[in-house]
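If you read the protein sequences in the order shown, they are chains A and B. Per my numbering, the first sequence starts with residue 1, numbered consecutively. Per my numbering, the second sequence starts with residue 1, numbered consecutively.
Since the hints were derived computationally from the structure, they do not count as laboratory data. What you are looking at is a predicted structure, and each value in this text was computed from that prediction instead of being measured. By construction, the Cβ of each residue, glycine as well, lies at the ideal position given by its N, Cα and C atoms. Be aware that one or more of the hints could be misleading.
Taking lysine to aspartate or glutamate pairs in the EDC-like style, the calculated list, with each CA pair at most 16 Å apart, reads [claimed, not checked]:
{"id": "1", "chain 1": "A", "residue 1": "Lys103", "chain 2": "B", "residue 2": "Glu11"}
{"id": "2", "chain 1": "A", "residue 1": "Lys53", "chain 2": "B", "residue 2": "Glu59"}
{"id": "3", "chain 1": "A", "residue 1": "Lys25", "chain 2": "B", "residue 2": "Asp14"}
{"id": "4", "chain 1": "B", "residue 1": "Lys30", "chain 2": "B", "residue 2": "Glu20"}
Covered, in the sense of this in silico footprint (three residues per stretch, anywhere, with C-beta under 8 Å from a C-beta of chain B), are these stretches of chain A [claimed, not checked]:
{"id": "5", "segment": "37-45"}
{"id": "6", "segment": "175-185"}
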Amino acid sequence: MIIKSEAIKLLAIFNSSCKTFLPKKVDNLKYLYECAASGRDYSFSEFKSGFPKNPMTALLLEHFAGTVNAEKIDTELVLKFFGGIDHIKFTLDQISDYEKSIKKLSRTDRDSYLFAHQLTPIKLTRKWPRASGKYLLAGRKVHVRGLIPHPLMFPDSYNALTIGGEYLVHYATIIAPAGDGISSWIRNEQIKSNEFLGAMTRLEYIDYKIFMNLTNWTRKLLKECGF
Amino acid sequence: MCLAIPKKVVEVNDNEVIVEAPNGNRQAVKSIVKLDIGDFCLTQQNVVIDKVSKEEALEIIHEYSKAKEALL
């Protein structure tokens, strides 16, 4: 199996957005950015073996590719991995493990984490300062604030964004412009989850400057990676 | 993989490994990684996904303890 160059770029962007407590995060990210910069496709085994530490995203993506019988990992597969029902189930498992191993979460934190961890098509309502948007799904609406356009996808930063445009967002990071096809696919997947719909019913907004301190954390991480 | 939590191996059996979470809760997990009592590992959905050094495990647990009030 191969992983396409553009899919590696997307994976690097996703990994920059995902807050983790695992060590060597920056080392893994630098590796991903190096692979993306090479502009070539990789055999998946070569790609996986190059990670300095814990290639868990790669392992999970490989597992997902197997479940959908994909012959290659391309951008569509990466977007579907982060935006599909399996990712919601995976997140619920993580929350359950966290609560059994560390402590119970408040309902709001639980809902915020579940929502934030999914790839969502967000309609931009404000660019700067504090880029904001909203996600509408099945009569529910969640506002998100404190978004950051990823510099690899949006070199012109906030200037590249259009108010009213739809963008794919993961945590506080604007990953890419949303196409109609992928937005519909994500909505059709996420609407299958009662837990996700329940979280959207209860949540009014998530401000990433507050929740997990994600806006500042993402900026700091991007700086450490040379952006 | 944002919330992978390091757990300590407290018992190794033929078909499963018993691991202990930072709060003392124990669970049985499957592992294809060779583990000994006292090792630390990361689990996902009751499966060991990686072995980590004690230093790494303590570093992650320390980060969680710092984050408990501020982040989640």
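Comparing the hints with the structure gives:
Only pairs whose Cα atoms come within 16 Å are accepted, and Lys103 of chain A paired with Glu11 of chain B is rejected, the gap being roughly 23 Å. Between Lys53 of chain A and Glu59 of chain B the alpha-carbon distance is near 15 Å, which keeps this suggested pair within the 16 Å criterion. At most 16 Å may separate the alpha-carbon atoms for a hinted pair to count; Lys25 of chain A and Asp14 of chain B exceed this at roughly 34 Å. Taking the CA atoms of Lys30 of chain B and Glu20 of chain B, the gap is about 14 Å. The hint holds against a cut of 16 Å.
Counting residues of the segment 37-45 of chain A whose beta-carbon sits less than 8 Å from any beta-carbon of chain B gives 0, not enough to reach three: the coverage restraint is violated. By the rule of at least three residues with a Cβ nearer than 8 Å to a Cβ of chain B, the coverage given for the segment 175-185 of chain A is violated, with 0 such residues.
When the structure is compared with the earlier hints, violations turn up for hints 1, 3, 5 and 6 and for no others.
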